[in-house]
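S.K.: For reference, the chains in residue letters:
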Amino acid sequence: MDFGDSPEESEFRLRLRGWLQGNNPGLPTSSTDDDYWKGAAAWHRSLFGAGFFGMSWPTAIGGQGLPSVYDVIVDEELAASGAPPRPSLGYLVQGILEHGNEDIQARFLPGIISGRERWCQGFSEPDAGSDLASLRTRADRQGDDYVITGHKVWTSYSDDAEWCLVLARTDQEVAKHRGISAFVVPMHQPGIEQRPLRMINGMTKEFGEVAFNEARVPAVNMIGGPGEGWRLAMTIVSHEREPGELGYVARYTKVVNELTRRVRVNPSGFREDQVRDLGWAIVEVEMLRLHVRRRLSDRLNGISHGPEGSVDKLLMTWTEQSLGHAALSIGGIAHGGGDDTALNTYLYSRAQSVMGGTSQIQRNLVAGRILGLPSS
Amino acid sequence: MDVRLSTEQQALRESVARVVDQLAPHAVGEIGNAERTSKLDAAVASSGWRELRLGDDQGDPLATGVEAGIIAEEFGRGLADVSFLGPTMAAELRRLAGAAQSESAETVAFTSDLSSIAIAADGQLSSFVAIDASGCSRALLLAARSDGNFLAEVDVASDEVGLDLTRPSSTLGSPASLEPSGRSISDDDLMRWTALGLSLTCADLVGIMQGAVQLSTDYASQRRQYGAPIGSFQAMQHMLADAFVMMEGSRSVTLHAAWAVDALHPRDAVGAASVAKAYCARAARDVCETAIQVHGGIGNTWECLAHVYLRRALLSSDIFGGAGNSLDRVLQHYGIGA
Ligand SMILES: Cc1cc2nc3c(=O)[nH]c(=O)nc-3n(C[C@H](O)[C@H](O)[C@H](O)COP(=O)(O)OP(=O)(O)OC[C@H]3O[C@@H](n4cnc5c(N)ncnc54)[C@H](O)[C@@H]3O)c2cc1C
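These protein sequence lines map, in sequence, to chains B and W. FYI, the numbering for the first sequence is 1 to 376, going by the working numbering. FYI, the numbering for the second sequence is 1 to 338, going by the working numbering.
Extracted from the complex, chain B is given alone in its bound form (with noise of 0.2 Å):
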């Protein structure tokens, strides 16, 4: 047992370290501003370009085959030097990684691995969201093609996206899980239209809803099979939950650091009750640090697909949520006018119960999967 690194890890971790000293693009924090969207594909280029992004996939798809802990090292040095945190994609290489046939995988993963392509999760719609499985987009076959007609919503990265994983009902007969099935669709063609939605701290760039009338897909592009598209979606999901494949941990310590920095300089000028809710911050933060490192040493052991990424979801909800009113009680809110970034990460916070299933879907999981607890 040992939390230290390795010589390699050590090497890489200094080598690292370095490149981030001419490299650095130095973007404003992901959750509280479009200019970070903007320059985030070019950083995404940039770290994998230099071999810091896709650290654990196999080498043929573009990853570093290395073990899962030099991600969260990634982490750790991205807060350090106040570089953006790594692009969060994980979860969608693990569920093609996992489900997808050779051609799908060949085709697909470099690309989203590399940054060249771009890519948004048609999952939810508006009268499918906690219950995901009610999905209503339907896909029927014509010759080589399906044609798609549905409504998503919250769909994040919509307006970027070249390619999106969607959800579709290719069956109305059988029991709702089992008629649904995944497709890669390519976002720019004349059957769809997607059109940004306003977050509640102003943000443009994080989500959408995409209407998709009798756009195409070739079939080809189904991963798995038809009906197995559920299947598919609950690996995704699993890893959606997880810190170590987001990659949060450099977004909440990059944040920790900045108010920490700011009491640091001006120490006579917070209260004692302003201090304590940074101190309850830094300790989450900190607890989801080590929290990451254990559950990617875990992988060592190899991957699973499994419910703990609901565990992992509640504690990075919690910290996330703490950071964002330690950041309003630090960062106040410029009631006068002036920098409003300390209330739009306290806003963006508020999401993180509700996105990749909200917290009472994630304790009804921890109750029945984990705990065993009777279904009412």
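Heads up, some of the hints might be wrong.
Which bits of chain W does chain B cover? Going by a derived footprint, with three or more residues having C-beta under 8 Å, they are [claimed, not checked]:
| id | stretch |
| --- | --- |
| 1 | 143 to 157 |
| 2 | 216 to 227 |
| 3 | 231 to 239 |
| 4 | 245 to 253 |
| 5 | 258 to 265 |
| 6 | 325 to 335 |
Some chain B residues well away from chain W (every beta-carbon gap over 12 Å; in silico) [what the hints assert, rightly or not]:
| id | residue |
| --- | --- |
| 7 | 3 |
| 8 | 129 |
| 9 | 144 |
| 10 | 177 |
| 11 | 338 |
To be clear, the hints were calculated from the coordinates, so they are not data collected in a lab. Where is the CB? At the ideal position from N, CA and C, for every residue including glycine.
With chain B held as given, fit chain W with the ligand onto it using these hints.
M.R.: Only chain W with the ligand this time, still in chain B's reference frame:
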């Protein structure tokens, strides 16, 4: 970096769990039963689990904070009602002072709020208390002299005090002549010792949380109201899910604190342990309160084990200072303390 327990560490956990499951109390009425506790005590003594922090020929501990933490956690989970923390902390103190091993079973003395080790300046002992004193006839404390703080021993009085039904504290006997032994204890020594104590109390809290969640999950699956198990009601499920998740977060910080005891500079070891203690102390109270709530009226009776977990958690929290004290240490460590 690989924070999985080694095969030997897993084997240690299993053997401690076996002893605890067999010999620790399973009901409030069994606590303090002399026949059972003497068997448990004998099993613990013969395994050498209380001696892990004695020094070897080089003065290094026989085992790391991780192994000691594994034992503490299992003892907490099973509400083991024999001493462990006290003797382990006494052994560590002897090791740091380079003092000879003790002949009799011994623990350590704290200030009566339990926030720090007892340091006697003038032979006055009335404000001190020996923790985790069952079966211990002596307690170690520090005697302050002009040339430093030295290790000294006092008798433990037989009257048991305190809130934890499984780990009684004890008042100290008449002031012996505080005869110092060994080298003086440096600030770094005391920090290392504090880091070990914080990390062991965290491990105890993680075990308590696990035991309390298990107790409540079992009860929620059996107890029926409105024609259904209460564990099928979403309000109950969500409380128990939160309790489980808090325990998992606590486990992650505690593993790190246990490793840090021997692997990091004492200052950073205390920093790591303070993060862990702040997190665990806050979590453990919530989790034990949930255990009481899930049990309804029965949870508020002396006969239900839920309060035994809560009491043990309150004691482990207060030793070296609870959530608030620990947060103060965290703030100091990050350079923003008062
Ligand atoms: C920032 C952000 C980004 C997102 N990105 C994407 C994306 O890229 N792709 C995508 O497909 N989706 C995305 N989502 C959507 C997200 O997955 C859904 O919002 C979420 O699953 C909840 O669905 P809903 O909004 O319809 O709320 P509802 O399901 O209507 O829930 C409303 C409230 O009811 C509660 N509730 C519902 N069911 C239960 C139950 N069984 N037990 C207890 N309480 C319950 C919920 O917890 C919640 O508090 C994103 C959401 C956000 C906020």
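S.K.: If a hint holds in the structure, say so; if it does not, say that too.
M.R.: A quick look at each hint next to the structure:
1. Figure legend: the stretch 143 to 157 of chain W, annotated as covered by chain B; annotation inconsistent (0 residues with Cβ-Cβ distances under 8 Å, at least 3 required).
2. Coverage of a stretch by a chain is defined here by at least three residues with a beta carbon nearer than 8 Å to that chain's beta carbons; for the stretch 216 to 227 of chain W and chain B the count is 3, and the condition holds.
3. Only residues whose C-beta sits within less than 8 Å of a C-beta in chain B count toward coverage, and the stretch 231 to 239 of chain W has 7 of them, enough to reach three; the restraint holds.
4. Counting residues of the stretch 245 to 253 of chain W whose CB falls under 8 Å from any CB of chain B gives 6; the rule of at least 3 is met.
5. Coverage of the stretch 258 to 265 of chain W by chain B holds in this model, with 3 residues showing a Cβ closer than 8 Å to a Cβ of that chain against a need of three.
6. Under a criterion of three residues with beta carbons nearer than 8 Å to beta carbons of chain B, the stated coverage of the stretch 325 to 335 of chain W is upheld, 5 such residues being counted.
7. A beta-carbon of chain W is positioned within 12 Å of the beta-carbon of residue 3 of chain B; the least distance is around 5 Å.
8. For residue 129 of chain B, the shortest C-beta to C-beta distance to chain W comes to about 17 Å, beyond the 12 Å cut-off, and the non-interface label holds.
9. Its beta-carbon lying about 46 Å from the closest one in chain W, residue 144 of chain B satisfies the requirement of being farther than 12 Å from that chain.
10. Against the 12 Å criterion, residue 177 of chain B stays outside the reach of chain W, whose nearest CB is about 21 Å from its own CB.
11. The non-interface label for residue 338 of chain B is consistent with chain W: the shortest C-beta to C-beta separation is roughly 23 Å, beyond 12 Å.
Hint check: violations occur at hints 1 and 7; the rest are consistent with the structure.
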